[in-house]
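Residue numbers (UniProt numbering), protein chains in the order written: chain A, 1 to 313; chain B, 1 to 83.
Derived from the structure by calculation, the hints contain no laboratory data.
Cβ atoms here follow ideal geometry from the backbone N, Cα and C, with glycine treated the same way.
Errors might be hidden in some of the hints.
Stated by the list, open to error - In the DMTMM-like style, the derived pairs of lysine to aspartate or glutamate whose C-alpha atoms are separated by at most 25 Å in a straight line are:
#1 A:Lys-244 with B:Asp-24
#2 A:Lys-39 with B:Glu-47
#3 A:Lys-155 with B:Glu-58
#4 A:Lys-155 with B:Glu-73
#5 A:Lys-155 with B:Asp-38
#6 B:Lys-4 with B:Asp-35
#7 A:Lys-312 with A:Asp-64
#8 A:Lys-39 with B:Glu-73
#9 A:Lys-312 with A:Asp-87
#10 A:Lys-155 with B:Glu-5
#11 A:Lys-39 with B:Glu-15
To be verified - Here are the simulated distance ranges between beta carbons:
#12 B:Gln-32 with A:Thr-186: 35 to 45 Å
#13 A:Asp-32 with B:Lys-51: 44 to 54 Å
#14 B:Arg-61 with A:Asn-253: 22 to 32 Å
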Amino acid sequence: MPRSPVHIVDIGTYIPPQRASNTELGSEFQLDSEFLRNKIGVFERSIKDAAESTSDLCQKAFEDLLRRRSIDIASVQLVCVVTQNPDRNIPHTSAIVHQKLGMGKQCITFDISQGCAGYTHGIAVVTALVEKLGLERALLFTCDPYSTIVDRNDKATALIFGDAASVSYICRNESGYELIDSDFGTVPHSWQCLVCDDGRFRMDGRQVFSNAAREVPLSIHRLLERNGLNADDVDCFLLHPGSKYIIDFLRQNLALPPSKVPFEIAHYGNTVSSSIPIMLQQRMSRTEKDARLVLSGFGVGFSWGSNILEFKV
Amino acid sequence: MVAKERIQRLFDAAEIQVSASTLDESAPLAQQGLDSLDMANLLFQIEQACKSTIAPEESARLRTLGDITGYIERAQSAGAWHE
């Protein structure tokens with residue numbers, strides 16, 4: 001008997017309550033309020049407690065998920081953490097999360113090293129594994145607390161990133177979003193545009209913009225065309241909010257109205273792999289669900305990933 | 001010679017709210033009202049017109065209108081300008 005399809009049925013999130021204001025820091029960099037408002041689009045950034053680890057933030061996202069629904073933790077068969085800021089090099093952070101959540105022995109744990117395209121990769125990898133191995137329940141975490149690696153004095157990065165975590169509950173037999181198709185890629189000879197050496201993050205903003213401006217519209221067009229769709233068939237495009245400037249650029253390039261391309265990070269910042277699931281969680285909480293979504297994440301690598309999701313009862 | 005209109009079209013495509021004709025050819029654009037995102041978009045528009053990518057070390061040298069004009073002239077001479 002065929003098994004029922006795999007769905008993303010709920011999402012828990014955690015955005016640390018502490019905020020760092022961009023107003024003062026922007027002045028130090030001689031950036032005016034118009035630049036902060038219209039180009040960066042971030043007024044304050046969420047900052048985790050210095051003692052909190054990636055697995056701690058994941059645990060808090062899971063506590064949020066538990067407030068939304070009951071989950072038998074012993075029945076979860078797969079835990080994946082998308083992060084490039086793990087608790088430690090060894091072991092994988094998902095093994096630490098597994099312990100903190102008190103999970104059972106029959107559970108696959110692995111991490112995915114990806115950046116701002118991490119959630120789009122994670123959905124595809126976890127969904128494929130759940131389907132191929134005949135699993136029933138999985139948890140996909142995202143967490144990349146950049147406050148630990150961003151240099152406060154680096155004008156190119158200090159005003160953008162915030163800390164957060166998310167967890168997506170992926171299972172069968174419940175209403176939720178089903179992955180229909182994906183498009184992934186990596187630009188050759190481009191990895192140096194975003195690097196972290198000796199604990200210090202650096203970004204070549206010009207290269208990141210150029211790669212995103214060129215590749216993301218192509219990826220979305222490819223995905224839509226392959227599935228016989230056009231932009232009117234999609235209710236909402238959840239594009240990674242790297243900055244307001246890149247979102248405005250992509251929206252115009254794709255000829256989409258502002259209502260279809262949310263930018264909601266003004267009060268917590270670009271949370272890397274958590275940015276898309278935070279936006280998706282907002283929409284999943286609504287009574288009226290969007291029937292079809294396109295997600296697109298892009299960044300470190302330079303890599304991108306785009307997904308089509310459809311809500312299925 | 002690169003026409004001012006061609007430069008202005010690149011500015012318009014990048015939505016830069018500065019008239020190219022008013023700029024000092026030899027002064028850094030960063031000192032004449034263009035911010036880092038304007039510069040990123042301007043160089044992207046040039047890449048689109050050339051159908052090629054500008055290497056990081058090359059982009060670091062494109063700081064003035066004169067630098068950009070020179071780059072476009074070289075691209076035109078090489079038959080790599082497709083605007």
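Tested hints:
{"no.": "1", "hint": "A:Lys-244 with B:Asp-24", "result": "violated (29 Å)"}
{"no.": "2", "hint": "A:Lys-39 with B:Glu-47", "result": "holds (22 Å)"}
{"no.": "3", "hint": "A:Lys-155 with B:Glu-58", "result": "holds (21 Å)"}
{"no.": "4", "hint": "A:Lys-155 with B:Glu-73", "result": "violated (32 Å)"}
{"no.": "5", "hint": "A:Lys-155 with B:Asp-38", "result": "holds (16 Å)"}
{"no.": "6", "hint": "B:Lys-4 with B:Asp-35", "result": "holds (21 Å)"}
{"no.": "7", "hint": "A:Lys-312 with A:Asp-64", "result": "holds (23 Å)"}
{"no.": "8", "hint": "A:Lys-39 with B:Glu-73", "result": "violated (31 Å)"}
{"no.": "9", "hint": "A:Lys-312 with A:Asp-87", "result": "violated (36 Å)"}
{"no.": "10", "hint": "A:Lys-155 with B:Glu-5", "result": "violated (33 Å)"}
{"no.": "11", "hint": "A:Lys-39 with B:Glu-15", "result": "holds (12 Å)"}
{"no.": "12", "hint": "B:Gln-32 with A:Thr-186: 35 to 45 Å", "result": "holds (36 Å)"}
{"no.": "13", "hint": "A:Asp-32 with B:Lys-51: 44 to 54 Å", "result": "violated (35 Å)"}
{"no.": "14", "hint": "B:Arg-61 with A:Asn-253: 22 to 32 Å", "result": "holds (27 Å)"}
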